[in-house]
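Using the hints, position chains B, C and D with the ligands against chain A.
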Amino acid sequence: MSTETTKKDFLFDVQKIKSDFPILQRKINGHRLVYLDSGASTQKPIEVIDAHTDYFKKINSNIHRGLHTLAEDATNAYEKTRSHIAKFIGGTKTSEIIFTAGTTESINLVAYTWGETNIAEGDEIVITDMEHHANLVPWVMLAKRKNAIIKRIPITDEGRLDLSDIQNIITEKTKLVSLTHMSNVLGTVNPIKEIVQIAHQKGAVVLADGAQSVPHMPVDVVDLDVDFYAFSAHKMLGPTGVGVLYGKEDILDKMPPFNMGGEMISEVSFERITWAELPHKFEAGTPNIAGVVTFDTALTYLENIGMENIHAYETKLTAYAIKKLIQIDGLKIQGPYNTINRGGAVSFTDKNLHPHDISTFLDSKGIAIRAGHHCAQTLMKRMRTIATARASLYIYNDEADIDALHDELFAMRRYFGHE
Amino acid sequence: MSTETTKKDFLFDVQKIKSDFPILQRKINGHRLVYLDSGASTQKPIEVIDAHTDYFKKINSNIHRGLHTLAEDATNAYEKTRSHIAKFIGGTKTSEIIFTAGTTESINLVAYTWGETNIAEGDEIVITDMEHHANLVPWVMLAKRKNAIIKRIPITDEGRLDLSDIQNIITEKTKLVSLTHMSNVLGTVNPIKEIVQIAHQKGAVVLADGAQSVPHMPVDVVDLDVDFYAFSAHKMLGPTGVGVLYGKEDILDKMPPFNMGGEMISEVSFERITWAELPHKFEAGTPNIAGVVTFDTALTYLENIGMENIHAYETKLTAYAIKKLIQIDGLKIQGPYNTINRGGAVSFTDKNLHPHDISTFLDSKGIAIRAGHHCAQTLMKRMRTIATARASLYIYNDEADIDALHDELFAMRRYFGHE
Amino acid sequence: MSENLDDMYREIILDHYKAPRGKKPLEEKDITSDGHNPSCGDELKMELKVDKKNNIADVHVNCKGCAISVASGSMLAEYIKGKSLKEVKLISEEIKKMLKGEESKITEDIGDLDSLKGVRQFPVRIKCALLAWMTLIEGVNKFENGTKPDSFTVSTEDDK
Amino acid sequence: MSENLDDMYREIILDHYKAPRGKKPLEEKDITSDGHNPSCGDELKMELKVDKKNNIADVHVNCKGCAISVASGSMLAEYIKGKSLKEVKLISEEIKKMLKGEESKITEDIGDLDSLKGVRQFPVRIKCALLAWMTLIEGVNKFENGTKPDSFTVSTEDDK
Ligand SMILES: Cc1ncc(COP(=O)(O)O)c(C=O)c1O
Ligand SMILES: Cc1ncc(COP(=O)(O)O)c(C=O)c1O
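Protein chains in written order, with the working numbering: chain A, 12 to 430; chain B, 12 to 430; chain C, 9 to 168; chain D, 9 to 168.
Here chain A stands alone, though its shape is the one from the complex:
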């Protein structure tokens, strides 16, 4: 693969890509913006911004029930994105693609519907020690309501899942294994396919949180054989307020609906209510139509670069970032150093400085990173830290951005007197 990667690399002109993102022209405190917070939310290329404008200037209308031209154009555009996503994540049925407001809502939907009807007293729900709150709090609270048990797959000090005891963690009592595909803090990419096999052998259903993976590498949910998969448009060049829940049709079919209202019913009387067919059963009310329509353009933008290329490029850049950061005295990378099965979320701590001070200092130089617990307080505890600083990479970052980060981290230590 590595020779192929090198070849494809020539197709990937980062300077051209940078120029597609208007916000990168913005000056921050007099410096050029070095945006290293894509793990929180990515920037948007002009194509996506224009697609949104176009939608409101030419198509805007409510969807589905309308019989006029705008309503039909809007419905077609909305459903086009659904088909696009089905293709993008490995060729699912369109009935298996549900639009939500984001990863968080996708996971909560499963907890409120599948969880409410399938988890009973004494059942086990398996998560891991590196989950985002979105894939932790809903399950802890569900377990509390149901008197079910939360079990955790531990992690190694390097920040990888420790699967040595997996056969005792996932058992016949396990009803659900819910884990992140890629950690937003450590960058670790988990072996979903392997875990799915074990879980399915024990009769458990698997949900993978793809918020950090789908944007950065090719993902084939059919091949992974996951039962549910969740992700957010805003972390992959798309608009805010749009998420996806993929679910296997036979499982979705048996689930009760989540939110209730227009579009998700078939017939309503006080005696009897019947639900609409999939996927509409799970899409109550007016969705984020403009957002969904615009998401299509983001997917196309990513495909034009190629998810394989994006993955290869980011892996190289991540390796470069790690190499540069470990040169700084007192800095510790929190997460694997090896870039195999590792994405571009690079967390670090400084022996003397709190991540908030690091972030404030870097911002004064135009560098945007994130600092805090990254909605992963239990992982922070496991790592025996209260917070980390995190630089997270995307297609519009390059070595110059990493160099800027490195140089300012050096300058920072001088500023705070920790040379």
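Please note: incorrect hints may appear among the correct ones.
What the hints assert, rightly or not - Facing chain A, according to a computed beta carbon distance under 7 Å, are these residues of chain D, among others:
1) LYS26
2) ALA27
3) CYS48
4) GLY49
5) GLY73
6) CYS74
7) ILE114
Unchecked claim - Which stretches of chain B does chain A cover? Using the computed rule of at least three CB atoms under 8 Å from a CB of chain A, they are:
8) 55-64
9) 114-121
10) 244-256
11) 277-285
12) 288-300
13) 386-392
Simulated from the structure, these hints should not be mistaken for laboratory data. Even glycine gets a Cβ: it sits at the ideal position worked out from N, Cα and C.
Leaving out everything else, chains B, C and D with the ligands in the frame of chain A:
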């Protein structure tokens, strides 16, 4: 009031307003677009479209937890809209304004949290015979889960609430009265304040569905004294995928959270999870930041015209529409003829033609109306019809639009051979 | 969407709509089948008399709905009379394909039915045209399986 | 946001941060109060010795957190020593107001504390500067109400 209204009318230049909406330049099947489907979703002025573009070109970032400039700018812009809404609906606390994905989610949030903890077996939930599915299905299903009882305030043949028996409908057993402020089918504006007084006397909480009212008239939730109020941005010049739930602080404080994940927690461990303060407790995950930020501009646009002016203008235009439509033989207006306490949703049926044929025909002439059950199947049953055609008005409509509708409805009857 | 209004509302369709065939309820019937289209509210009642050779001896269709669903039901009533159950099911499946824009194997002259093609340009109206045919298929299937008449209702929503 | 980095990280603040006062745990204490700031993870432990005249005889502050929270805690330790409980509560409320940009009645010279003003331009960091003062108020309140020491934890999230 009527002289004051006439005076203000001069401030309201509909032709200027029309020119603010780029989509109105679009030709539909060779005709100018006559958009009479604002009850489903309104069009957007160029200011709103530009605000959205601006956000993505200059500010875009995730909010709240960020310590860099973009994150802070985005957070400020997001919270600015919250303050604006608090002012727009009568001066509530900002902690009482919760952002959701739309009216439907706002109401479901209340059903899943307040409803789940406050409704018990034998309790009564009062709705009306003119509710949208969004304010009906959640309550019917909640009642089913809890063995509670749904009671309905009936409507008169004219399409007004029949309050003659109200003291027997709202009783000491009533825990919730949930009703629409304005019917999306009939146009009827309900006497919320009066009903709130009765409900509060009996100890019940009141939710008003403001999806069709807030966009069209001044609304003061503090004066109405409602406990919950729900509405959608996309029906008032704003983006799709943004809604609001207003709730009284003391009630919200006691409610468990709805969706769970990032931003809505304070501390997370496997032993103990504590929730963030209001309103964040109810805003899990990355919200529709761009949408919320853009909504601010829509509110300003409406305020610049003035909600009193908008209301007065639409009342006049509705009267004109009713007057014109009843001239057509075989056409029946479904809803009050009198424009006092009546908005601009004008439903009608034709003796001989199905609403879908009406809509298809009108569309061929560039006129966008809606046809169907309007997510109000139980109301359709009450009106002894299966569907209606609906023209719904907004600030960019004028008498010429109504004339076009009238003339093509005439032409239609000839086309289908029903002269 | 509606540049081709006349394509959908062809002369023939309007003719069927204004004077639907098969209006008269049957005195004897072997099959009754009810269909409806919840998103439009269209409702259709169908009665069929089957002779000893398994041919359709008589048809009654009563549709409360839009011009398209009424016309489609009327055309059905006219077309299937005298045809065998097998033929009837075959043509129903082919009409479904035709309406959905899939490849259909129709080669023979299907007369008025051909005019339903115009509906294809109006995707939201396809369900209207389908209603009668789905109700027919369901009725014939249940008849062949020995299910009692009038024990079921077809919904266009079930057809994905 | 950070054009004014030096406004926040003033000489004085960095000085307190690098060499925090009140580091030494007390042997005898009348008040202990723990505070923390969940969104940052900052944690602060405070011990106070109160003399017979209800003056602060000695202070210990141990803060694990960012430069701002550490410096703020250090300044507090330096400032409140020798002050009466009443004075101490008053100044804490005034510092809260100052940090939130509300009108404060501080007229006297508050020395190093004045340098905390720079934090105002960094809204997300205000909680960091507040932590020590909220922990102090809570501790003194509980002491006056006769609540036992070390039975409570302050969270900055409770402060709206
Ligand atoms: C009265 C009423 N309630 C609720 C809704 C649902 O609003 P949304 O689809 O924006 O959630 C609508 C919109 O059609 C409405 O008209
Ligand atoms: C791993 C992971 N899961 C879930 C989420 C939540 O996504 P959203 O905020 O878009 O709902 C995030 C985003 O921060 C994430 O990184």
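Comparing the hints with the structure gives:
1. LYS26: Because about 6 Å separates D:LYS26 from the closest Cβ in chain A, which is inside the 7 Å limit, the hint holds.
2. ALA27: Given a least distance of 10 Å, the restraint on D:ALA27 is violated.
3. CYS48: At 6 Å from the nearest chain A Cβ, D:CYS48 passes the 7 Å test, so the hint holds.
4. GLY49: holds (3 Å)
5. GLY73: It holds, given that the least Cβ distance between D:GLY73 and chain A is near 6 Å, below 7 Å.
6. CYS74: Cβ of D:CYS74 sits 3 Å from chain A, so the hint holds.
7. ILE114: violated (25 Å)
8. 55-64: holds (count 5)
9. 114-121: holds (count 5)
10. 244-256: holds (count 5)
11. 277-285: Result for this restraint: holds, n = 5.
12. 288-300: Held - the region 288-300 of chain B has 6 residues with a Cβ nearer than 8 Å to chain A, which meets the minimum of three.
13. 386-392: Coverage by chain A holds here, the residue count being 4 at a Cβ distance below 8 Å.
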